[in-house]
Amino acid sequence: MGWANWLISTVSRALAFGVPLLWGTLGEIYAERSGVVNLGVEGMMILGAFMAFAITQQTGHPGLGLVCAALIGGLAALLHAFVTITLRANQYVSGLALSMFGLGLAGLLGRGWEGKPLGKPLPTLAIPGLSQIPVLGPMLFQDQTILTYLGIVFAVILWALLFHTRWGIAIRSVGENPATADSLGINVTRVRYLCVVFGGLLAGVGGGYLSVAYRPSWTEGMSAGMGWIVIALTIFASWDPVQAIWGAFFFGVLYHLSYRLQAFLAPELLKLMPYLFAIVVLAVSGFGRARWRQRAPGALGLPYVRGER
Amino acid sequence: MRRVGPFLLEPRLAAPRYVVFGVSIFAVVIALLAAVPVFVGYGLNPWQAYAAIGRGVFGSWPSFSEVIRRAIPLILCGVGLTLAFRAQFWNIGAEGQILAGAVAASGVALFLPVPDGLRLPLMFLTGFGAGAIWGLIPVLLRVKFGVNDVISTLMLNYVMSYIVEWLVHGPWKGPTMRGFAYTDAFPLSARLSYLPNTRVHWLTLALGVALAVFVAFLLARTRTGYEIRVVGQNPDAARYAGINFAAVLSLVMLISGGLAGLAGVGEVAGIHWRLRSPSHISMNYGYTAIIVAWLARGSPIAAIFTALLFGLIFAAGDYMKTTLSLPFQITGVFNGLVLFFLISFDILMLWRVRLARKEKIWAGQTGS
Numbered sequence: 013m014g015w016a017n018w019l020i021s022t023v024s025r026a027l028a029f030g031v032p033l034l035w036g037t038l039g040e041i042y043a044e045r046s047g048v049v050n051l052g053v054e055g056m057m058i059l060g061a062f063m064a065f066a067i068t069q070q071t072g073h074p075g076l077g078l079v080c081a082a083l084i085g086g087l088a089a090l091l092h093a094f095v096t097i098t099l100r101a102n103q104y105v106s107g108l109a110l111s112m113f114g115l116g117l118a119g120l121l122g123r124g125w126e127g128k129p130l131g132k133p134l135p136t137l138a139i140p141g142l143s144q145i146p147v148l149g150p151m152l153f154q155d156q157t158i159l160t161y162l163g164i165v166f167a168v169i170l171w172a173l174l175f176h177t178r179w180g181i182a183i184r185s186v187g188e189n190p191a192t193a194d195s196l197g198i199n200v201t202r203v204r205y206l207c208v209v210f211g212g213l214l215a216g217v218g219g220g221y222l223s224v225a226y227r228p229s230w231t232e233g234m235s236a237g238m239g240w241i242v243i244a245l246t247i248f249a250s251w252d253p254v255q256a257i258w259g260a261f262f263f264g265v266l267y268h269l270s271y272r273l274q275a276f277l278a279p280e281l282l283k284l285m286p287y288l289f290a291i292v293v294l295a296v297s298g299f300g301r302a303r304w305r306q307r308a309p310g311a312l313g314l315p316y317v318r319g320e321r
Numbered sequence: 046m047r048r049v050g051p052f053l054l055e056p057r058l059a060a061p062r063y064v065v066f067g068v069s070i071f072a073v074v075i076a077l078l079a080a081v082p083v084f085v086g087y088g089l090n091p092w093q094a095y096a097a098i099g100r101g102v103f104g105s106w107p108s109f110s111e112v113i114r115r116a117i118p119l120i121l122c123g124v125g126l127t128l129a130f131r132a133q134f135w136n137i138g139a140e141g142q143i144l145a146g147a148v149a150a151s152g153v154a155l156f157l158p159v160p161d162g163l164r165l166p167l168m169f170l171t172g173f174g175a176g177a178i179w180g181l182i183p184v185l186l187r188v189k190f191g192v193n194d195v196i197s198t199l200m201l202n203y204v205m206s207y208i209v210e211w212l213v214h215g216p217w218k219g220p221t222m223r224g225f226a227y228t229d230a231f232p233l234s235a236r237l238s239y240l241p242n243t244r245v246h247w248l249t250l251a252l253g254v255a256l257a258v259f260v261a262f263l264l265a266r267t268r269t270g271y272e273i274r275v276v277g278q279n280p281d282a283a284r285y286a287g288i289n290f291a292a293v294l295s296l297v298m299l300i301s302g303g304l305a306g307l308a309g310v311g312e313v314a315g316i317h318w319r320l321r322s323p324s325h326i327s328m329n330y331g332y333t334a335i336i337v338a339w340l341a342r343g344s345p346i347a348a349i350f351t352a353l354l355f356g357l358i359f360a361a362g363d364y365m366k367t368t369l370s371l372p373f374q375i376t377g378v379f380n381g382l383v384l385f386f387l388i389s390f391d392i393l394m395l396w397r398v399r400l401a402r403k404e405k406i407w408a409g410q411t412g413s
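Quick note, the sequences are listed as chains A and B, same order. Residue numbering for the first sequence follows the numbering used here, beginning at 13 and increasing consecutively. Residue numbering for the second sequence follows the numbering used here, beginning at 46 and increasing consecutively.
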């Protein structure tokens, strides 16, 4: 039974580790589908993590903490939206600035709380019935917080919204060819703003999950590069919310194994695995590059100026 | 043409130099103002704080020399990044390339049996090589596999950072260092000398300035430099002209990564005299160099001066930490703000602002 328990706990923890990646990736998919790259995910996540921790510590309500995390993520994304959409600045540089700013600000604000555990973390819930199934129950339906299930449900809803509704068509056409979308009466600026801010809200929740659920505490830089993995995952998932589920949990497994395999390999070498793998995965799937280019939103990274091009 | 109040805005293609300079200074000043709430939040009078920092940093030669000391890695990385950004290769990986150089130099310093006189030159050579290799991997990934350069360079930062962690906790951990995650101290022959009364390792500084001139010459006066600029400004034209992208990008990243590697050599051979945890060696120099290069607007010579500006910000951060007991993270906040304002104000340079005369106002309204 030893290996079965090992498998159960590995899958269960990997699932938990994949959650922040999933939320972040879903948000970035929407931003990029509307044509805006946001490299500020790392900054938005760490701000969300700090905010969720601080609010939960003060009020005792992890739910409220997560809402505030979403808001700060959305606010940070609004800054990126203004700079890149209205002022038409370079999207890469603005995103990097947002990440630097967010990491610095969260470190600055959180200094008094460094290393503190959270008194009242987000509770885990066992789904009645399903959690009683042998093996699968403890693997998937116990010891998870609501954000795990909500994330998966959300991914499916967002997929349907993107590919099977008029809103989705509007978002995708703005990302694909803003001039055409504009001529059809779609408000390019508004769609892009909404998508980028929505992405920020989700990234904030993803960050908040880290500090109120996964590791209920605050440490500076606790997002540990997850925001960058999210950028890679967005490409890996071909900008498709449902594929983001598999991608996020695949990386959740990698992250988790970097803790579980420490008996066999130096922990530092294990910790670099997810980052190395992100490159390898992109390189391997890059073989079908032509197919990929088609999937990337056509106007990704380009500011839209009415009457140009 | 557009009218805003009594002003007429005329679009223009390129801003004259004094406008670029003025707008850049303006961005830095606005960022200083935007950082004011941080001081207030820590219960300090911001103006007194700025004045104290100014006195502290410029007060004496030893304290001002810290600005130069901090600027050394920023010059090397910043110059390399101007080159990469000119070719539109998004090298966000200077942080990892610094560490690669530091690792190679430490290896030579600690383990290679060479004559004393050869040790430092060999450290610089291998450091350049290691940084260059770490910089060339993303080129290979982009050219052969179509992997986005932003992602690959960023990921390689984390990979190298964990490799350094592993080395200092594991195989290279110094037997005499007990609890600390350090390698043993470098022999004297592997340490750089300082200008008197400072920690300015002048050899690295001289290398940085010389290489800035070299890169400026390469960009402006050679056929290769021309190819680099075409690849960056108009990839389609470059393809049409038969320019070999892989070769151009490889050269660019060989230099860019190599320069960052040299910065890493300077840090371990000049400041720390050992390899230690990555955050102490690269210290966000690699990320800050992105702002240095962006503020320099692609000019390697200008990067020397923008590097000094950010050297000043780092030195001010040190001063704030020791004297005003403000956390060093304040520099990160400030750097992010500068970068934000810098790119936000770019749009100002694309418009020429004039005071409108009465009749011109109407003309302005009828035009688009």
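Derived by calculation from the structure, the hints in this document are not laboratory data. One or more hints might be untrue.
[Unchecked claim] For lysine to any residue, the following SDA-like pairs were computed, each having C-alpha atoms within a straight-line distance of at most 20 Å: (1) 189(B) / 133(B); (2) 189(B) / 252(A); (3) 189(B) / 177(A); (4) 189(B) / 295(A).
[To be verified] With the C-beta cut set under 10 Å, the calculated list includes, among others, these residues of chain A facing chain B: (5) 117; (6) 130; (7) 132; (8) 136; (9) 146; (10) 148; (11) 241.
Since this is a predicted model, take the numbers as computed values, not measurements. Don't be surprised by glycine CBs; every beta carbon is placed ideally from N, CA and C.
Find the hints from earlier in the document that the structure breaks and name them by number, from lowest to highest.
-> 2, 3, 6, 7, 8, 9 and 10
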